[in-house]
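Undergrad: So the sequences go chain by chain: A and B. Quick note: the first sequence, position 31, residue 31 per the numbering used here, numbers continuous. Here the numbering used here = 1-based position in the second sequence + 60.
Keep in mind the hints are simulated off the structure, nothing from the lab. Keep in mind it's a predicted model, so treat the numbers as computed, not measured. Treat the hints with care, since some could be wrong.
Each pair of labels, with its calculated beta carbon distance range [what the hints assert, rightly or not]:
1) Gly-23/A <-> Asp-188/B: 39 to 49 Å
2) Met-1/A <-> Arg-369/B: 50 to 60 Å
3) Leu-13/A <-> Leu-114/B: 51 to 61 Å
4) Ile-19/A <-> Gly-391/B: 18 to 28 Å
5) Leu-13/A <-> Asp-188/B: 20 to 30 Å
6) Gly-48/A <-> Leu-85/B: 15 to 25 Å
7) Leu-199/B <-> Gly-23/A: 47 to 57 Å
Partner residues aside, some chain B positions facing chain A, computed with beta carbon under 10 Å [stated by the list, open to error]:
8) Thr-90
9) Leu-92
10) Pro-93
Heads up, the beta-carbon is just placed ideally off N, CA and C, and yes, glycines get one too.
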Amino acid sequence: MATFLRIWTMPFLLLAVGIVGLGCALVGDGPWDVISWVAMSTLVGIAGRYVIGGASSKRL
Amino acid sequence: MQTSTLRRWALVHKWSSLVSTIFLLVLCITGLPLIFRGEIDRMLGAEAVTTAVLPGTPRASLEKIIATGTKARPGEYVQFIVWERDEPDAVILSMAKSPDALPDDNKNVRVDARTAELLGEHGSPLTDFLLRLHASLLLGLPGTLFLGVVGLSFIVAIVSGVVVYGPFMRKLDFGTVRQRKSRRLQCLDLHNLIGIVTVSWAVTVGLTGVINSWADLLVKVWQYTELTEMVGPYQSSVLVTQTVPLESVIATASDAAPRMTPYFIAMPGALLTSRAHVAVFMRGTTPLTSRLLKPVLIDAKTGALTDTRELPWYIWALLVSQPLHFGDYGGLPLKILWGLLDLLTIIVLGSGLYLWLSRGTSKIEQRLAAAEGAEVAKAAE
Numbered sequence: 001m002a003t004f005l006r007i008w009t010m011p012f013l014l015l016a017v018g019i020v021g022l023g024c025a026l027v028g029d030g031p032w033d034v035i036s037w038v039a040m041s042t043l044v045g046i047a048g049r050y051v052i053g054g055a056s057s058k059r060l
Numbered sequence: 061m062q063t064s065t066l067r068r069w070a071l072v073h074k075w076s077s078l079v080s081t082i083f084l085l086v087l088c089i090t091g092l093p094l095i096f097r098g099e100i101d102r103m104l105g106a107e108a109v110t111t112a113v114l115p116g117t118p119r120a121s122l123e124k125i126i127a128t129g130t131k132a133r134p135g136e137y138v139q140f141i142v143w144e145r146d147e148p149d150a151v152i153l154s155m156a157k158s159p160d161a162l163p164d165d166n167k168n169v170r171v172d173a174r175t176a177e178l179l180g181e182h183g184s185p186l187t188d189f190l191l192r193l194h195a196s197l198l199l200g201l202p203g204t205l206f207l208g209v210v211g212l213s214f215i216v217a218i219v220s221g222v223v224v225y226g227p228f229m230r231k232l233d234f235g236t237v238r239q240r241k242s243r244r245l246q247c248l249d250l251h252n253l254i255g256i257v258t259v260s261w262a263v264t265v266g267l268t269g270v271i272n273s274w275a276d277l278l279v280k281v282w283q284y285t286e287l288t289e290m291v292g293p294y295q296s297s298v299l300v301t302q303t304v305p306l307e308s309v310i311a312t313a314s315d316a317a318p319r320m321t322p323y324f325i326a327m328p329g330a331l332l333t334s335r336a337h338v339a340v341f342m343r344g345t346t347p348l349t350s351r352l353l354k355p356v357l358i359d360a361k362t363g364a365l366t367d368t369r370e371l372p373w374y375i376w377a378l379l380v381s382q383p384l385h386f387g388d389y390g391g392l393p394l395k396i397l398w399g400l401l402d403l404l405t406i407i408v409l410g411s412g413l414y415l416w417l418s419r420g421t422s423k424i425e426q427r428l429a430a431a432e433g434a435e436v437a438k439a440a441e
């Protein structure tokens with residue numbers, strides 16, 4: 001169970017963030033847009049951090 | 061997961077990715093500028109901006125606007141009159157060689173909605189070419205349908221990729237990118253990481269792309285079923301060339317669909333209407349409902365309302381998926397995010413291709429062991 005949670009907690013959280021971002025983009029303007037931008041920026045930011053900034057685990 | 065199951069899923073992931081990767085790279089590369097199509101067209105000078113007029117200046121009549129279009133393209137006919145959501149002061153006229161020609165080769169001109177002055181052509185040859193390449197590989201309907209299959213393969217690759225992600229991450233923390241090991245391991249880690257982070261976006265863009273690839277077929281299904289029913293006894297009518305004033309047509313359509321505004325008009329003979337009807341496609345006024353249309357059919361000779369009804373679910377799915385595919389919902393910030401996610405997908409595709417090319421002859425068990433190797437060795441210390 002601990003292994004399952006370690007592997008899948010972040011992917012599920014990011015999936016939820018993505019769904020919120022896409023859903024808000026679909027629903028409307030104003031605050032919905034802002035929520036959408038924040039959610040989608042989170043995905044880009046997390047991926048970008050590892051692409052540009054390298055690993056969280058340089059020890060490896 | 062049992063090794064045999066993992067091997068099967070890895071095979072599914074490998075082949076569903078391999079058959080689609082090159083085409084997906086083409087789609088991602090051509091899709092990137094298309095996200096910013098409007099901005100590029102304006103930058104290339106293809107989209108003249110409307111000039112300022114005195115406040116309260118009345119709208120020009122649609123007949124006057126049509127006259128501007130036919131003067132700009134003599135011998136051609138206006139098939140569609142379109143009001144863009146983001147540009148209320150301009151009208152786009154979609155013009156064809158004949159009133160009942162298919163709109164594939166239509167030329168679009170923009171006219172100022174207040175002064176009826178010609179603003180120029182709509183769109184640029186560059187983005188038009190990129191769109192045709194992106195939508196059909198320049199092969200027309202067969203190319204579009206083929207890309208739909210590529211999209212389905214992409215979805216299978218994503219699902220199988222998520223399944224094999226778990227076993228490869230058993231011994232690794234989320235976000236691990238082993239830079240000091242081999243280039244292949246670094247590539248694998250980036251492939252897994254970016255793939256899992258962008259999975260919701262990739263599935264959405266993949267699915268909406270598949271739905272878009274069926275657009276022609278879905279519209280044809282609607283035409284042959286619901287539109288045929290709506291047109292009813294008018295089906296064998298002769299083409300009406302002289303319609304009632306379009307302002308009265310819009311007024312009738314607005315009465316039939318309250319709290320909605322016109323999105324576009326299809327003139328008699330055009331796709332989406334009959335030879336005897338002017339069809340006004342109304343849209344809602346909220347951000348979401350403005351993507352959903354309601355057709356109102358009006359007798360082109362008498363101006364009488366003949367039928368209106370909601371579009372079926374599959375056309376709604378198409379209408380919602382189109383802007384979502386290009387990130388066209390939330391202004392420029394969302395477009396920029398779509399562009400960045402597109403670039404990340406290119407990295408996932410490129411790294412996947414590299415992993416396949418550098419795979420050697422090792423089996424899945426060996427690759428899994430190699431992927432876990434660093435952590436296993438560390439644990440043993």
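Undergrad: Now, for every hint given, state plainly whether the structure supports it.
TA: Quick rundown of the hints versus the structure:
At roughly 32 Å, the beta carbons of Gly-23/A and Asp-188/B sit outside the given window of 39 to 49 Å. For the pair Met-1/A and Arg-369/B, the supplied restraint of 50 to 60 Å holds, since their beta-carbon distance comes to about 53 Å. Range check, Leu-13/A to Leu-114/B: about 54 Å between beta-carbon atoms, so the 51 to 61 Å window is met. Between Ile-19/A and Gly-391/B the CB atoms are about 20 Å apart, so this pair conforms to the stated range of 18 to 28 Å.
For the pair Leu-13/A and Asp-188/B, the supplied restraint of 20 to 30 Å is violated, since their beta-carbon distance comes to about 41 Å. Hint check: Gly-48/A to Leu-85/B, Cβ distance near 20 Å, so the stated range 15 to 25 Å holds. At roughly 34 Å, the beta carbons of Leu-199/B and Gly-23/A sit outside the given window of 47 to 57 Å. Taking 10 Å as the C-beta contact cut-off toward chain A, the hint placing Thr-90/B at the interface is violated, the least distance being around 21 Å.
About 14 Å separates the beta-carbon of Leu-92/B from the nearest beta-carbon of chain A, more than 10 Å, and the hint is not met. Given the 10 Å rule on beta carbons, the hint for Pro-93/B is violated: about 19 Å separates it from the nearest Cβ of chain A.
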